[in-house]
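There are 2 protein chains.
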Amino acid sequence: MTPSRTTSGGAPGPAGQPAWELLLPAAGAPARRRGRALQEALREAVRSGRLAAGTRLPSTRELAADLGVSRGLVTEAYEQLTAEGYLRGERGAGTWVGGAVRVGGVAGSGVTATGGVAGAGGAGGAGGAVGAPDVRVDFRPGVPDLSLFPRSAWAAAQRSVLARLPHRALGYPDPRGLPELRGALAGMLARRRGVVADPERLVVCSGVAQASTLLGFVLRARGLRAVGVEDPGSPEHGRLFASTGMETVWLPLDGEGLRPGPLTASGVRAVVVTPSHQFPSGIGWSAERRAALLDWARAVDGYVLEDDYDGDFRYDRAPVGALQGLDPERVVYAGSVSKSLAPGLRLGWALVPEALLDEVVERKRTMDLGNPVLDQAVLAEFVARGGYDRQLRRCQRAYRERRDALLAALAEHLPGTGVSGIAAGLHVIARVPARFGPPERFLARAAEAGVALRPLEEYGTARPADGDVRLVIGYAHLPPSAIAEGIGLLAGAVGELTSQNR
Amino acid sequence: MTPSRTTSGGAPGPAGQPAWELLLPAAGAPARRRGRALQEALREAVRSGRLAAGTRLPSTRELAADLGVSRGLVTEAYEQLTAEGYLRGERGAGTWVGGAVRVGGVAGSGVTATGGVAGAGGAGGAGGAVGAPDVRVDFRPGVPDLSLFPRSAWAAAQRSVLARLPHRALGYPDPRGLPELRGALAGMLARRRGVVADPERLVVCSGVAQASTLLGFVLRARGLRAVGVEDPGSPEHGRLFASTGMETVWLPLDGEGLRPGPLTASGVRAVVVTPSHQFPSGIGWSAERRAALLDWARAVDGYVLEDDYDGDFRYDRAPVGALQGLDPERVVYAGSVSKSLAPGLRLGWALVPEALLDEVVERKRTMDLGNPVLDQAVLAEFVARGGYDRQLRRCQRAYRERRDALLAALAEHLPGTGVSGIAAGLHVIARVPARFGPPERFLARAAEAGVALRPLEEYGTARPADGDVRLVIGYAHLPPSAIAEGIGLLAGAVGELTSQNR
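If you're matching them up, the sequences are chains F and Z in order.
FYI, the numbering for the first sequence is 1 to 502, going by my numbering.
FYI, the numbering for the second sequence is 1 to 502, going by my numbering.
No lab work stands behind these hints, which were simulated from the structure alone.
Only true hints are included.
Here are a few chain Z residues that sit away from chain F, every Cβ distance over 12 Å (derived from the structure): (1) D198; (2) P199; (3) V419.
With the C-beta cut set under 8 Å, the calculated list includes, among others, these residues of chain Z facing chain F: (4) F149; (5) W154; (6) L170; (7) G171; (8) Y172; (9) S243; (10) G344; (11) D368.
Glycine included, each C-beta is placed from N, C-alpha and C at the ideal position.
Construct the entire structure; sequences and hints are all you get.
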């Protein structure tokens, strides 16, 4: 794609240039809010088509001068939207509107999906991680810190709901979900995750697992027989789709996302992906791969399930907006409160393309007639009153601290260990050098020492023969002291092994 | 079957006679409790095989003397267990143990089902019944009185649960349900409904609708292609099973239950039934038909889904025990709190034959990973502290009063109207004489007058040509004054019609 037009500030002119000042947030607002407002305004302008693909944007210096804001704020907005795939840029060549976005376009019939299931590691795994007997420190991923659940705020919301809910709201629910919750979630998700969140397209469900099953049944009924999953990825995605009669095709990942060649060659028309923070590799998908995935979905009339299992937890910068924002007609966006509040609540959401909506809702109806009403009303109140944002900030602080503690402990006790992936989420990929190996004995010694670990090999087909030990380490549920203790225990156990037996 | 042995009181003798005094409830207990204890002891003795099929029971006079209780109490116990199919009796020939019971027998692979879905009339219908515009009085069945929901008791249980639940309970749930709830429900159901309720066989689900879908998927995966449903019956059963790929076969009912001939001829190996209070006809299945259904299930290696949608509400006598108690390996028993508390809670249960259990649980897992934990803990506490029993008594009083009000209003305003079915549940079948018809105009006039009605024809294939108007009238959600007003309105509207246009 080549830049086709250059635009600058001013009212819409005969050439259709956007009025940049319309993008300008209220002058009195603090810089942080102005920055966010600028990003949202740009995103919306791209989505709506007011900024067409190929439109060249003014330089950051020009736009900052036009808008009377700092250049850094514009630069940040351009970078953010470039990461999300709305804009494209090359050093020295400027910035222009990318071709990935497709909103309000042709209603189609393909699917791409991403996942909150990804981080769950399966209910069995998660359940086992808590109470297994000989485990002193459990680094298996999948469970947030359940002690962070805001009990008193939740109790207050419960009281309030039971006091105010009209009697008729206790009847059979709308299978799509309580209107007040769909509205509250749509607003929250648009603001936090950059999705196109029409409450009419939002289906309340019991979590990403159910979103996967719902979608699987709908696609299977349409004649699809297979779904592509990321390799490495969560085996749970495949299990869930298998229960709907869909086969699973592993699709190889590299450092940027799904490799386009194997994706195209696979012949699937539906994929499940975790682009914001890939599970388990921890990468964030590049803007190019996001665009390529959507191009593929349109070309094959396919769909993407976006499992946004921990899209809220990014520690080094603002989270990258969800893929769904780029093409809500090709992406089913699914998320839940399982990582932010508690998996036991079984509350989540799916944003569903128009073309699939009726079928998904009817499936939801026959599965359970809809989610429990009181829970939905409580979450709606919690979100509307700011409790959900507060909770996310609280978790974010705690998990960032734990991630730092893990990295420090690895550096101290298992020097040379590489940690890959973006600074986000509830787990890291650690690659322990071969001198602490070999992997089988490493894992056996860890287990004997009471340290529960999950090797990366459990999440895909790759079996590297370099002797390094690749681990998926969950840290969110452990206080920093337990993290340090666990890595110390681990090093003690495997350190002895290497000194004696290499 | 012929009576083969006669037993009487005393310790187990060489001939294996039961020790009747072991059946004797604590001497100090009030008569009502002793009666119930005697029934439970007899039921258990039959199930366990201690009282084998064909065993002849002592006469009521003998047993009453042996046990030192009133003869009426023994007579009542015999009658109750005969109605449930445990015992058989003929006037003058005595009472013996029936052949219908099969507990701890061969694990098989057939299905018979009964329903809480039955009374729901579909989520759409129920939802529409509440807020439709021009409706002044809504007699469509399916919704209980939502104002009876015990808000303050529920709020107290919520508070208590949030205060005491350990953190780890907030993680991914056991897909079978919270152990404390399964225990509480098993006890309650064994006591109230006479089921064989092993907590290990109880799966918490979101209601009878989900129980139907779970079972449908499991049976479909086993190769079954069709499920039999009662005619008349709830169309919702067929819709739910259809979503799992199962076809529906209507099976004709008469005044006693499913007719055995058409059932056998149908070739199905799974049926959904409502034996305690058939929906919509209102009959209670006879003991013979209950036994015949179970004989059929064993013969075809089939299963029964027992939808016990309002088994708790019987106004003239103790509710007849559930079918499942007679053969827990052939019957999936399903119920919910939808009629007793509120449909919006989406909480129910299924008692599942051993042979199907693992498959049902795995289906439940892939559908939603399990029900919300807090809701389950709240219901467990509510049941364990007696709140559920209190609630049932409260509903029972209210609904009995409303049924009486309806019958009185029909007698006054639409004389000659016949009301059929047992004194139970949340609806009646009313047959309005042809002189108020014809049915099309009757229903049109009713709608014009703002009286919402549902004709029996919507629930099955029968289309009698006698000109009578057959209605399924729901009364539970209406206060007696509204019932009287509604029937008055109705009579005014159709009365004019008949006087002018017959």
